[in-house]
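A.B. asks: Residue numbers (the UniProt record's numbering), protein chains in the order written: chain A, 1 to 250; chain B, 1 to 250; chain C, 1 to 250; chain D, 1 to 250; chain E, 1 to 250; chain F, 1 to 250; chain G, 1 to 250; chain H, 1 to 250.
Think of the hints as simulated: they come from the structure by calculation, not from any bench.
Keep in mind that a hint or two might mislead.
[Claimed, not checked] Capping the alpha-carbon separation at 20 Å, the derived lysine to aspartate or glutamate pairs in EDC-like fashion look like this:
hint : chain 1 : residue 1 : chain 2 : residue 2
1    : G       : K11       : A       : D110
2    : C       : K11       : D       : E19
3    : E       : K11       : B       : E18
4    : D       : K11       : C       : E5
5    : E       : K111      : E       : D149
6    : D       : K111      : D       : E71
As the structure is a computational prediction, the values presented were derived from the model and not from experiment.
There are 8 protein chains.
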Amino acid sequence: MEIQELLEQVKAGTLSIEEAKQYLRKEPFEELGYAKLDTHRKLRTGHAEVIYCEGKSTEHFLEIFTHLYRENGEVFGTRASKEQYLAAKERFPQTVYDETSRIIRIEKNDKPHMGKIVVCSAGTADIFVAEEAALTAEYFGNYVERIYDIGVCGIHRMLANLDAIQSANCIVAVAGMEGALASVLGGLVDKPVIAVPTSVGYGASFHGVSALLTMINSCANGVAVVNIDNGYGAGYMASQINRLVGEQHE
Amino acid sequence: MEIQELLEQVKAGTLSIEEAKQYLRKEPFEELGYAKLDTHRKLRTGHAEVIYCEGKSTEHFLEIFTHLYRENGEVFGTRASKEQYLAAKERFPQTVYDETSRIIRIEKNDKPHMGKIVVCSAGTADIFVAEEAALTAEYFGNYVERIYDIGVCGIHRMLANLDAIQSANCIVAVAGMEGALASVLGGLVDKPVIAVPTSVGYGASFHGVSALLTMINSCANGVAVVNIDNGYGAGYMASQINRLVGEQHE
Amino acid sequence: MEIQELLEQVKAGTLSIEEAKQYLRKEPFEELGYAKLDTHRKLRTGHAEVIYCEGKSTEHFLEIFTHLYRENGEVFGTRASKEQYLAAKERFPQTVYDETSRIIRIEKNDKPHMGKIVVCSAGTADIFVAEEAALTAEYFGNYVERIYDIGVCGIHRMLANLDAIQSANCIVAVAGMEGALASVLGGLVDKPVIAVPTSVGYGASFHGVSALLTMINSCANGVAVVNIDNGYGAGYMASQINRLVGEQHE
Amino acid sequence: MEIQELLEQVKAGTLSIEEAKQYLRKEPFEELGYAKLDTHRKLRTGHAEVIYCEGKSTEHFLEIFTHLYRENGEVFGTRASKEQYLAAKERFPQTVYDETSRIIRIEKNDKPHMGKIVVCSAGTADIFVAEEAALTAEYFGNYVERIYDIGVCGIHRMLANLDAIQSANCIVAVAGMEGALASVLGGLVDKPVIAVPTSVGYGASFHGVSALLTMINSCANGVAVVNIDNGYGAGYMASQINRLVGEQHE
Amino acid sequence: MEIQELLEQVKAGTLSIEEAKQYLRKEPFEELGYAKLDTHRKLRTGHAEVIYCEGKSTEHFLEIFTHLYRENGEVFGTRASKEQYLAAKERFPQTVYDETSRIIRIEKNDKPHMGKIVVCSAGTADIFVAEEAALTAEYFGNYVERIYDIGVCGIHRMLANLDAIQSANCIVAVAGMEGALASVLGGLVDKPVIAVPTSVGYGASFHGVSALLTMINSCANGVAVVNIDNGYGAGYMASQINRLVGEQHE
Amino acid sequence: MEIQELLEQVKAGTLSIEEAKQYLRKEPFEELGYAKLDTHRKLRTGHAEVIYCEGKSTEHFLEIFTHLYRENGEVFGTRASKEQYLAAKERFPQTVYDETSRIIRIEKNDKPHMGKIVVCSAGTADIFVAEEAALTAEYFGNYVERIYDIGVCGIHRMLANLDAIQSANCIVAVAGMEGALASVLGGLVDKPVIAVPTSVGYGASFHGVSALLTMINSCANGVAVVNIDNGYGAGYMASQINRLVGEQHE
Amino acid sequence: MEIQELLEQVKAGTLSIEEAKQYLRKEPFEELGYAKLDTHRKLRTGHAEVIYCEGKSTEHFLEIFTHLYRENGEVFGTRASKEQYLAAKERFPQTVYDETSRIIRIEKNDKPHMGKIVVCSAGTADIFVAEEAALTAEYFGNYVERIYDIGVCGIHRMLANLDAIQSANCIVAVAGMEGALASVLGGLVDKPVIAVPTSVGYGASFHGVSALLTMINSCANGVAVVNIDNGYGAGYMASQINRLVGEQHE
Amino acid sequence: MEIQELLEQVKAGTLSIEEAKQYLRKEPFEELGYAKLDTHRKLRTGHAEVIYCEGKSTEHFLEIFTHLYRENGEVFGTRASKEQYLAAKERFPQTVYDETSRIIRIEKNDKPHMGKIVVCSAGTADIFVAEEAALTAEYFGNYVERIYDIGVCGIHRMLANLDAIQSANCIVAVAGMEGALASVLGGLVDKPVIAVPTSVGYGASFHGVSALLTMINSCANGVAVVNIDNGYGAGYMASQINRLVGEQHE
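Given only the sequences and the hints, what does the whole structure look like? Please build it.
C.D. replies: Dropping the structure here:
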């Protein structure tokens, strides 16, 4: 341990105070930085980094996939291509690929799933994002209930599922086009709603901008928004919120 | 009457066919133009032009106001200032001014109001636009029911008024911020919904752009949109639609 | 029938009032929701849901297509691919596909077409959207007249068709580029104009944004706008308006 | 109680099953709607509605303020003007007004404050929004720690406060200009970060759009965003998250 | 001739004045419209319509191409594909295709070219638009001088060609990226400058928006702008201006 | 004259060729620059610079105004304030100020006005820009005819003035809101149309952007666009075009 | 000095190694942070922080102004109001205020000014930003030459000043409207050009966006851009660049 | 040499002063232009023009490549395709192609590399731009250190490399998504930071606009920005800055 050594050498007189000062001025960043935060991440989440597969060459992807799997006994990647999946499957036949969400993973079987997150989608076309959120939250150890195709142009479908929605610790609301789902949900529940605009739509939906603006301007309290199509980000944040319920209050 | 005269002169031989042709090539536009359409407008709607008061000097406004009132026995202006109102009131004490919608008018008392238009607003802040729509539709002889403050973040308020909404021939949906009202209404009724985005909101509402995009991207069928804060336009179009019900089918 | 049973059991004393209250608090949403509105839709329009084909897998598409056709004896889909058409044709040889509008359908032969809707296009390049509007309105039982290629840069072409346009209950105005068609039409008719901006154009047309803004800012009264390229939405709303003429006034 | 009565009358035979069915089809919305959700809101949060003061006339404001204070023994308003404050103070001398955040309130003294929320601001100019978030969260019964002026162009200031930040259940990150605070914080903590872009800046900050985009595109996990300058929304959502810690896990 | 006949019948008494009035109210539009303007176009320009080839099927294109060629002895099309060219060439071996500008044409050999238009481009990448402008202007009978690659980041290249530029009746300035060419030229000549922004560039050039804004905001007098990549429009307008020089002053 | 002197000294041998080369490498810019172009401007236009008054202090304005008047015997300023006018009037009682266009000027009485420019406006609200164009063109010696309030929502008004419009050498089309005037005019005339979008409108007109886009995307040939509200720029360019008619063809 | 003390105590045995480790893990950030960087800043620039005066209350401003002046013997503030100036002047009569740039300062008289920075402006309206850049650079000890009103619509004015411009180590190019100055300069010099878009202009200049895009898309090499109207930022960066010339090469 | 000859002829009397004046009025531009600046460029940078390969045909590319290589003994191209590379390699086997940055080059081996530029990237996905910057700067004779993947969501990685970063004369900061890297770096160094937004990201990153806005709004001093993905531009400007250190101070 470096600081330990340094201080011991100062105490023993084998390192001058000037030299120690010079060293300390730079070192703590490095020490804090890489080492401390990395350990921190493992300690608090119980799993390693997630792979953002898009744009990675198959070899590069496979190398990281293998490395993370060997280290953690499980591995999770978003926006994977079919080609990446086939490469992974060849090496690890237990690899699972979800074509809808494009998530690739090897997941431990015995993982407990705590609390409850509800992932809602406005339409069936939004499910590719909703599944990214749901599978992410499940991978991070949360219990997830999916309620899809409850868009606001048929409000009765949402109302029919109100009990299930209201029982969650956190709701993920996934919607494209006009993206009004989050506002309506926000007015019906007393738990945080993570809104995910999707690129579903055409014309003046501007690849998700319309839904994004709707959600950011929500008149309902308790709605916050992540990037367009960012199911992973919503699943991750929902996990952070849901897991708070299981922690001790300080 | 000019065309009458021309034809009579042709018949009488006092105008050559060549001269008549020359004349007809240009004239009908003018004749059609100003005269014909104006008369047409009166015949079909029963009232004259409406005054867009904004930006008009008080003298200019008063002159038009007086002219139209004298011609039609009633007069209607949008976006009037208080100063314009005081000037009109001095001359015509029966002038009525609505501070919320900034509509100024002298209206005949015995006008029948046909059919039914429902004007809904999402919030109380949108009422200045909703009232412009409602008063416009009333001025054009429609029966109007107002249902305000039924925004989607409290969906129960809308549901509680569903019967009234569903009984209209046409619904005007006025909303700012995320503007989701039109979509939800569109899914609950089988009549045309005229959506009016308002400039109500702040930040990423961009003075009504967010609501406009939401409404244009509505996943519900039967929703069409007018300009931001354009209550007059919505009231006018709703009137056109509502009055179809009373007309004969060809 | 569920509510019937519940009330009968309450009357018979086999269900306590407390239990019935508990049940009613949740159920009506579900009952209202799915069941009621669906039936309602059938009752009022005489046809089932329409398929938005884009992005659906051929199998998924074919399943819905078959289901809806079997239930209603006719079926209608927008934005269908040629591959989807071939799959449908193989199973139902009577399937009709319009390459211009990409509409796929099996339509009953003896359907009456009421009232009159005029669908106008500014240019020939806009016809793919205009046909989507026209075929939609026809499928919903309206009589449709098409008047294409009457853009404002040759205003005489529009004026030459004025009689036909003025005889409609509702006009659909389809235009890309600068999209001025709707404004000019709005000034020439006294019926509602549904404006459809199209993505036709290049450069600063921004895939339809220019036409959308033009139409939203129309100086003519009685113009409302749907999404870029949304011929279906315009045809649907025009149908709602046109059908009002045939309904009884309450 | 209405449903109780209805069922009793069905049981007693004074109301036919048909009549009861007719009634139930409509009523539950109203019952659910207004009544149920309102009660629900009180039960779960312990306080009534908040007043959005902007744009309300002083009389209107004062009426609502008085009504809510009388009902709940405390009252809270955002974006209040000085004039509104003076009117409230005249009637209720215990009214408190914070000039920075423009929050007006009468707050119970003995309210417990649970958990821990940290509200950070990038600069001193963002404090007007940060204080809106902090005072909101405090009003809703949360313990709040403020850490201001730790913007990313002096990253050492943030690092110096890392211990305090990492001890929160939820972090509110308030920043204008380039809005990078949320990303950097998101990478340093394992708790949800609610990002609030502010309108602070000039030129290409576009009144907060730059900060909004930065936050929405955050490369850090666990960041979600509310509207520009929406301190209230962030405080409300942080409260929802923080309070989860104190609730029972189902 | 219709009006002739009508008037003769009025004169002869075989058509009543009432009937003639009814007829005249509608007819002149049609007569004016199609017939008059078409003839007008031919009379004033000496050539028929131009084909905008993009998006037209090869058969459709070929039909129009053949029709116009047969009628006028020459034909001109913009944005033609190679496939369209090959189809035209097979039927008319004298067809000429310019790969850079994608202009297809059969042009009369003995056409005089009057006045002088200078077409400038900022870079070599802008030449595809500049050639569209130049060939268009030549087809319409103007003498054109091309001066390419004189962008403002090497201002000496423009200055070296100043004499040639200043001798034109009209200058077409074609530029992408920052599009500053038009402003600099506008300050150096006393003739109208038609500015054409191009889609050349990347990143924040936004496919020509940057150049468009630059040109619209030109601090130089005498600069007006056409759409992004609209070489044809610039060539057409330059032709209108240049040809004024040869006309008689009224 | 400097170059004269330099060459004379070289000839006389009082300046070495090396020194002369050194001098010539730099000087011509200066010589060309300030001096030559200024003279050029006077020679070709017959009048001096125009003052853009906005943002100039009254003293600064008055100094320039006086200087230009003394040099040229006339002077012309755009966007002048009333305060600037009063200052100018005190010194030069013959100063004329037009409140609508905010143009200030002292103009020679005996100036001939050549050719013909027609300035059209869509509405009465656009006249402040149309007058800037008209007065500018008149100041530069052109004959101008004004045709106002002929917007496309009443197309008959434009048609009624067609003869006058078609007789111009150049048309200036001034319109706000949806800005369709230029396209319709462009289809009816064979002379260049300079389109001026105005900031007239509200909501999605975005202070003139809607009209600007409409005009830039005009489907009519022969339309080019200047900046929003830039009446001066349109008047200047129209003058350049109109004056070509009076020049000799080279 | 804290680290010194800590190490001395470790050496002396009065602080245990464990305690020292605990302290060092947190402290260095603080120590590095506030203290070290501040000292660092002083060491390298020879002057303290600059005050961004906008939005600061007069008392708050005066406190900071006084504090910084007392510490450094000079003080510099941007975007100061006249009221702030009067307050400062009352306390420190030697305070200087520049109305154009709104810079307030007390500056040491004997400061050397090294190297050479040229600050150019396109028009006289841009000088308020150019002066902010120039005065900033001078305050930071650079020699500055101002060359104003050399916009590209009169390119000769720029060429006439080429020698002066080419002799600088760094050029600041300040321009609004179309902002082409930076590109033209970038093509004429071989030194870095810092481009500052200004909000000068109207209509489609969008308060500086047009100039910003022009500059970002510059076809010339060696141009980088700061925020709209950010003269201070440009002056600061130019200072960093210019001062490199005086430093030792490693 | 032309001017030499001209002056000699004037001296010898074989050219009249009038003729010489006529000649000088035009010629110097050409002479200055092409010749002088070209020579200048060579003299000051030691290398010829760089090829922007995108959009160039392979033959055209190869011709320029060969020409520049033969003239300078080295050659450098950006955005080259693999096909262009293969063509170049066939002729010049020593051609080097970097697939990441798409830079093609033949570089002299013995080139000295002066000073120090640090090129940082936020993520691994940004390296394609960072390498373009780094290779450009190296080609222009600068010593470059690469520090990649130090994005702000893991701030410790940046802090760990602070010494290396702080030792540069100029820093290039390359980042997509939220682009906060430049601001954080700007606060940690006292040297100019050239910020390069990249198109890396999705959704509301708008192909680099989000990062561009972040960087333009940087709260840190000493940050200026180039176009999205413009690694070449950043490398060029960094070279200009770094090379100042080695120049003499005037």
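A.B. asks: All hints are to be evaluated individually against the structure, with a verdict given for each.
C.D. replies: Hints, verified against the model:
1. K11/G x D110/A: violated, 52 Å
2. K11/C x E19/D: With a Cα-Cα distance of about 13 Å, the restraint between K11/C and E19/D holds, given a limit of 20 Å.
3. K11/E x E18/B: Between K11/E and E18/B the Cα gap is close to 12 Å, so the pair holds against 20 Å.
4. K11/D x E5/C: holds, 13 Å
5. K111/E x D149/E: violated, 29 Å
6. K111/D x E71/D: holds, 17 Å
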